[in-house]
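*Asks:* In order, the protein sequences belong to chains A and B. Each step along the first sequence adds one to the number in this note's numbering, with nothing skipped, and position 95 is 95. Each step along the second sequence adds one to the number in this note's numbering, with nothing skipped, and position 165 is 165.
Keep in mind the hints are simulated off the structure, nothing from the lab. Incorrect hints may have been included.
Which bits of chain B does chain A cover? Going by a derived footprint, with three or more residues having C-beta under 8 Å, they are [what the hints assert, rightly or not]:
(1) 13-21
(2) 134-147
(3) 178-185
(4) 240-246
(5) 273-287
Remember, it's a predicted structure, so these values are computed and weren't measured experimentally. Backbone N, C-alpha and C define an ideal beta-carbon position, used for all residues, glycine too.
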Amino acid sequence: MDGHGQISTGRVPRLSMEGAGAILLDVAGPTFDEACQARIWALAAQLSRRPGISETVPGMNNLMVVFDPLTVDPLAVEADMRRGWQTVVPEDTAGRTVDVPVTYGGPGGVDLAEFAAGKNMTIGDVVARHTAPLYSVAAVGAMPGFVYLSGLDPVLALPRRHVPRTAVPVGSVIVGGAQAGIMPLTAPSGWHILGHTDLPLFDPHRDPPAAFHPGDRIRFVVREIQA
Amino acid sequence: MIEILSTGAVNSVQDLGRFGYLDAGVGRSGAMDAPALEVANLMVGNPGGFAGLEIALFPFRLKFLAPTVFAITGADCPASLSGKSLPPWWTIQAAEGDVLELGLPRSDARACLAFAGGIDVPDLLGSKSTDLKSGWGGHEGRGLKRGDRLSLGETTAHRPLPPGGFGLDPLEFRPAPAAPAVAIPVRVLPSAESAAFSQEARSEFFAVAWRVSAEANRQGYRLEGPELHPSTRLELFSHGIMPGTVQVPPSGQPIIQLAEANTCGGYPKIANVIEADLWRLGQTPSGSAIRFIAVDRPQAIAALRSQRSAIVRAGAFAALVRKDKVEPGLYTGLQMARPARGGNAMQINHKGE
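Could you put the whole structure together from the sequences, leaning on the hints where they help?
*Replies:* Here is the structure:
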């Protein structure tokens with residue numbers, strides 16, 4: 001097992017209740033850990049097959065498990081969560097890799113020029129650094145279909161806007177703090193808008209409704225850079 | 001078919017919620033007083049999870065465009081069918097053209113209406129609930145408007161109800177509504193960050209009466225009271241949260257997440273309202289006071305089990321009445337007493353035990 005795996009396994013999970021019918025397993029350290037997250041995805045998949053578990057919700061280096069406490073003993077679920085964390089084997093091939101075509105700048109990327117200026121970078125540099133990594137869908141949530149992407153080049157990290165926009169359009173390719181994301185719906189957000197994709201991310205009339213799942217990988221590809 | 005004659009936009013089609021999509025960011029939705037909707041469904045002979053109407057803004061009026069068996073439960077609000085008043089937790093047959101009117105509740109916040117056959121809107125991700133925040137599900141993804149016509153599902157032939165219908169005593173299911181000046185007790189379990197608050201802050205959390213602010217809707221309630229702060233500044237990663245999660249944002253004023261809560265959050269969690277008490281919050285209007293009571297997990301499960309068996313008893317009782325296997329005299333006629341506490345409803349239960 002590689003060093004990262006050892007470190008992740010070595011973390012003692014903190015378990016807490018979210019009511020009688022949900023348990024949160026938290027293995028987060030001071031910073032987000034990719035290897036740890038791969039174990040979270042694998043543990044979510046494993047526990048979702050356990051009889052009586054109705055939902056598993058991966059977060060960032062944590063996992064919430066939901067069950068009916070009238071039919072399942074919460075202590076048994078907790079024991080399985082602890083044991084599973086120690087023994088689960090992350091699957092390298094779990095997720096898909098999807099290219100997300102982006103039109104950077106222009107009316108769909110209103111913050112790009114200011115973002116680049118604030119970083120003392122050219123627009124081309126920002127786009128190059130944004131398209132370079134293979135991002136991981138660490139978790140999906142907060143709003144329907146919202147992907148928490150890990151893997152952003154730290155050079156591109158930027159605190160959120162002081163005043164959030166009340167309506168950031170669906171498809172906006174955004175950066176907030178050390179995270180990258182894509183707006184699945186038009187909704188309020190304080191993140192910076194670098195570009196826009198036409199790729200549909202969420203459709204409640206489709207099942208599954210979200211285009212991406214925890215463990216999937218995303219690469220942003222340049223469709224166009226607009227001034 | 002029913003037609004909405006007057007309504008507020010927060011009144012909506014709800015069932016017991018949307019399950020299985022938390023990991024896609026899709027929240028629960030569903031009735032804020034789920035046990036009341038479930039019992040209303042059972043009273044009209046539906047499975048408990050059929051879609052009905054949640055009424056939180058009054059007055060509300062609808063017209064029956066065909067003869068329909070319906071039930072009203074939840075908030076104790078003045079209700080009348082074409083001018084004849086209806087007791088709370090009552091089911092009755094409406095005739096074509098009858099108008100149902102619900103006035104401002106005497107206590108509580110939300111009334112539930114169930115109709116034989118259920119509200120027939122398309123399923124969206126396994127549920128007919130309206131997600132008002134996201135704008136989908138239910139009837140056209142929105143709250144009700146005047147002039148809306150809602151279809152009802154096919155019903156299997158019911159035996160006629162006793163003339164005047166019949167009722168259930170809500171005190172069989174739940175405590176009586178708190179007196180206006182009394183803080184409504186809400187039981188909670190500890191959460192991940194409970195211990196991050198000082199002993200003093202935790203004592204205060206349980207000691208004071210928290211006022212439900214005007215920012216109270218199906219997503220959650222913001223509370224007003226003393227400011228609570230964790231002993232050290234916490235930087236939490238986003239994590240799954242459930243309806244009932246009590247978060248403490250930097251303002252120090254707690255937020256209780258409810259039916260339309262986001263699926264993930266990042267604020268410290270001081271407690272979780274137990275599942276069996278979520279309906280109490282659904283029935284707590286803005287401006288009311290609540291107080292938190294600490295319980296442990298076995299107590300939370302026992303409370304849920306007792307709530308579930310009360311619903312099962314209600315269903316068994318309603319089925320017996322509808323099939324005329326219970327002495328109808330006791331239950332017919334709006335002027336007659338409903339089953340008293342410990343009366344016939346409980347006799348059925350006792351026979352079953």
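*Asks:* Take the hints in turn and mark each one as holding or not.
*Replies:* Against the structure, the hints:
| no. | hint | result |
| --- | --- | --- |
| 1 | 13-21 | holds (count 3) |
| 2 | 134-147 | holds (count 3) |
| 3 | 178-185 | violated (count 0) |
| 4 | 240-246 | holds (count 5) |
| 5 | 273-287 | holds (count 3) |
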